[in-house]
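Quick mapping for you: the protein sequence lines, in order, are chains V and G. Using full-length UniProt numbering, the first residue of the first sequence is number 1, and each one after it goes up by one. Using full-length UniProt numbering, the first residue of the second sequence is number 1, and each one after it goes up by one.
Derived from the structure by calculation, the hints contain no laboratory data. We put the CB at the ideal spot given by N, CA and C, even for glycine. There's no promise every hint is true.
Unchecked claim - Taking CB as the label site, the calculated pair distances span:
| id | chain 1 | residue 1 | chain 2 | residue 2 | range |
| --- | --- | --- | --- | --- | --- |
| 1 | G | E17 | V | K73 | 37 to 45 Å |
| 2 | G | S54 | V | G53 | 25 to 33 Å |
| 3 | G | R19 | V | E8 | 46 to 54 Å |
| 4 | G | K86 | V | G53 | 40 to 48 Å |
| 5 | G | F80 | V | R4 | 29 to 37 Å |
| 6 | V | L23 | G | K4 | 36 to 44 Å |
| 7 | V | K73 | G | I69 | 45 to 53 Å |
| 8 | G | L99 | V | V85 | 54 to 62 Å |
| 9 | V | E64 | G | L99 | 46 to 54 Å |
| 10 | G | F81 | V | L9 | 54 to 62 Å |
| 11 | G | L170 | V | V81 | 52 to 60 Å |
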Amino acid sequence: MRKRVRQELADLLELPLDISLDLPRVVVVGDLGVLISNHRGLIQYSPEEIVIGVGRGQISISGENLEIEEVSKEDMAVRGVIKSVEMNT
Amino acid sequence: MTFKRIGEFLKGYVTVEVRGKNPERLINLCLSSGFPIWDIVRHDDKVYFSISLSKYREIRTLARKSRCIPRIRKRYGFPFFLGKVKKRPAFVLSSALILAVLFYLSGFIWVIQVKGNDKVPRDLILEVAAGEGLKVGSRKAYVSEKSVEEALTLKIPRLSWAYVHFQGTLAVIEVVEKVRPEMAGPGDVIARKDGVVDSVLVLSGIPLVKPGQTVKKGEILIAGESGGGRQGARGNVTARTWYEVRQEIPLYRLEAVRTGKTMEITVLRLFGREITFLGMKRLFDWYEMEEYPVKAIGEGSRGPLIEVLTRVFFEVKWRPIEFSVEEAIAIGEKRGRQVLERQLPSTAKVLGVTCDTEVHGSECVVVRVVASALEEIGELRPWPEEKNGGW
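Start from the sequences, fold in the hints, and give me the full structure.
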């Protein structure tokens, strides 16, 4: 219920949803890399799969030779051969 | 090392190997503590990542919390380099010494280059420069470019300009030599040819002739003052001069007349060489020749490559044709004037032309064309070397 109110408010004020609703923003660069903003930390990491916690659930990236190029409190950059990016809410 | 890592490189960073059951937790702990980490790679059960040196000390407690064992695998950056240097004082000292020696030696002149001299010998320039301190092995700081330049232009009068500059350990002396006009050295003004002096203009020296005086070729017109001043003579001497041309014109001339006898041969010309066939080889004593091409094949640089042509010889006899005396005189005068025109220098001003003729019986006419002109006859004859002071 609270979520819906916030979403409606954000729509009304035309605010970006990722900021107002604390959602992740995912940028996929071809099959070379994924940039995730507003993440909540690393849940699982292996060269084949990376699971990242986000505001409402998890994002799992699968591929080959996955590396975390850079990670800070807000952003995470994943490099490697990206096969799929999945959102589990 | 990428560009954005330069800052990290200066501060120093390490690649950490983490063993443990839950390295993800360590990473998350680092993140929540605000330690940026990068280049996270997993190999089997070990995770490697890079973290800046100052933060590494703090992750030990975090590692204990996440039950991981961190170990430094590689060290990068300036602080580690400094550490290495501190261990090798001899290395630092010797490199500093080399730099100092290099700096000291670069203050010397090692090579001198001379540019722009053509007639002035290089050794002379170097000698004068050495007199002012500019020589191989002297220190640049003690050499004044300006005084070397001044000495060069003062002591070598044949130089009009000098410029000294340094390029590292190379000293460059650039000079420009004086260019004398193409003029003979000091001497006397002598007569180039016979004539009657019309006017004398003396710029320097002592005039020895007066207007109206007849002079011979080679006579001194204006003498230079060879005494103390060694001042050469300069001046213009105009004189009336005469040019004479004789033309002998015979009263007849020979003209070739064809007798009517002809001979025809065929010639094959191959690459410029001629092969004569079809026809006699013996020719007339005097003949005129005409050629008619028959066939030409190919095109070469000097006409066709293969050519067939017919050559016709016409026998001729010489027949004298007589002139009248007037005709002969007119021809002689015309030719005489043409020859005279070629003889007269372009600077001479022609005052008048006279013709006289002699008739030698019925044989020939001799025409004599004489032109009188006003021209400059003065010519500078330089004194022998010892007299003009080695100019």
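Hint by hint, here is what the structure shows:
The supplied range of 37 to 45 Å is broken by E17 of chain G and K73 of chain V, whose beta-carbon atoms lie about 24 Å from each other. The supplied range of 25 to 33 Å is met by S54 of chain G and G53 of chain V, whose beta-carbon atoms lie about 28 Å from each other. Taking the beta carbon of each, R19 of chain G and E8 of chain V are about 50 Å apart, inside 46 to 54 Å as hinted. For K86 of chain G paired with G53 of chain V, a C-beta distance near 45 Å keeps the hint of 40 to 48 Å intact.
At about 56 Å, the CB distance of F80 of chain G to R4 of chain V disagrees with the hint of 29 to 37 Å. Between L23 of chain V and K4 of chain G, the C-beta spacing of about 27 Å breaks the proposed range 36 to 44 Å. The hint said 45 to 53 Å for the Cβ distance between K73 of chain V and I69 of chain G, and at roughly 25 Å that hint is violated. The given range of 54 to 62 Å is respected by L99 of chain G and V85 of chain V, whose C-beta atoms sit roughly 56 Å from each other.
The given range of 46 to 54 Å is respected by E64 of chain V and L99 of chain G, whose C-beta atoms sit roughly 51 Å from each other. Range check, F81 of chain G to L9 of chain V: Cβ separation about 55 Å, and the 54 to 62 Å hint holds. In this structure the hint that L170 of chain G and V81 of chain V lie 52 to 60 Å apart at CB holds, the actual value being about 58 Å.
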